[in-house]
Amino acid sequence: MTTAQEAPYAPEHSPRLHWAQLAPDVYKAMVRLDAAARQGLDPTLLELVKIRASQLNHCAFCLDMHTKDALAAGESVERIIQLGAWEESRHFYTEKELAAIELTEAVTLITDGFVPDEVYERAAEQFEEAELAQLIAAITVINAWNRFGVSTRMVPGHYKAGQHK
Amino acid sequence: MTVRTRLLDRDVGRALSAVSAAAKKGLGDPALAELVVIRASQLNHCAFCLDMHLTVARELGVSERQLDLLAAWEEAEGVFDERERAALALTEAVTVVTDGFVPDSVYAAAARRFDEGQLAHLIGLITAINSWNRVMVSRRIEPGGYQP
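Here the protein sequences line up with chains A and B, keeping their order. Residue 1 is where the first sequence starts when you use this note's numbering, and the numbers rise one by one after that. Residue 1 is where the second sequence starts when you use this note's numbering, and the numbers rise one by one after that.
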């Protein structure tokens, strides 16, 4: 009898295309954009935002990268795991983090209809205007990386913490 | 409608413009690029972006018939060629990734009509307009600000 532990894992897929090599000009501008968008934001909060957006967009490579970076920076396993159900685990996070996570969901899901006023207002209570503009930029940028990762099927599992910093 | 904030860091704006410009250049088809960015802006409900890119598309000579039927391109056979249809299907899939990945069939259809370099830049363009859509919709930037 074969136990689940003895069964082999499914084979690893290959990426569809190596977009960064094929479009180095686009990649370089994306790296500049990423650096510009993170200015003035708390790195701990930023990793939570990146992980939550990557969950919603199903970007496996991005989840691999940002969970490893978050753990390396001292983030707790509990807070990373609970992100998928943050509305029911609010006491794991600060009010500022919760406002950022909620805004992340709204900005990520704009095809479903705008960013609700109450979500924006809660974020505006926690972040002053320039910081909020940076947060919107940062949410936008992780959404962009997610789209590259998902559409080209970038492969998770090989990222080493700090590799892309 | 009230604009929530007009703030957008200058370096963020410049870098995002550079992403868009590089992607458009690499795709090498300005009229098709406008169809792609207009379709994404429809899906993301970005009024500023629609106003701007419909203006640009008309300047480029994209037909009114294509612009009128873009939201229903799948049912508008004869109005969009196979290359345009492949690009539009990819645009929709990459824009709505929260609904579940980019289907192999959609990707394969695009890979038949575009070489790898064009395809990488097309994905870049779809991603760039999704980014503009997000920064404009989130801040509720009103339509009409674009000057040709």
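Hints listed in this document are in silico derivations from the structure and should not be mistaken for laboratory results. Some hints could be false.
Restraint ranges, calculated between C-beta atoms of paired labels, are given here [unchecked claim]: (1) A:S89 to B:L60: 46 to 56 Å; (2) A:A124 to B:T55: 39 to 49 Å; (3) A:S76 to B:V79: 20 to 30 Å; (4) A:P116 to B:S17: 26 to 36 Å; (5) A:E87 to B:T55: 33 to 43 Å.
Ideal Cβ positions, reconstructed from N, Cα and C, are used throughout, including at glycine.
So, going through the hints one by one against the coordinates:
A hinted range of 46 to 56 Å holds for the C-beta pair S89 of chain A and L60 of chain B, which are about 50 Å apart. Separation of A124 of chain A from T55 of chain B is about 31 Å and departs from the stated range, judged on CB atoms against 39 to 49 Å. Range check, S76 of chain A to V79 of chain B: about 54 Å between beta-carbon atoms, so the 20 to 30 Å window is missed. Taking 26 to 36 Å as the suggested C-beta distance range, the pair P116 of chain A and S17 of chain B conforms, at roughly 28 Å.
For E87 of chain A and T55 of chain B, the Cβ-Cβ distance of about 41 Å falls inside the hinted range of 33 to 43 Å, so the restraint holds.
In this structure, the earlier hints numbered 2 and 3 are contradicted, and the remaining ones agree with it.
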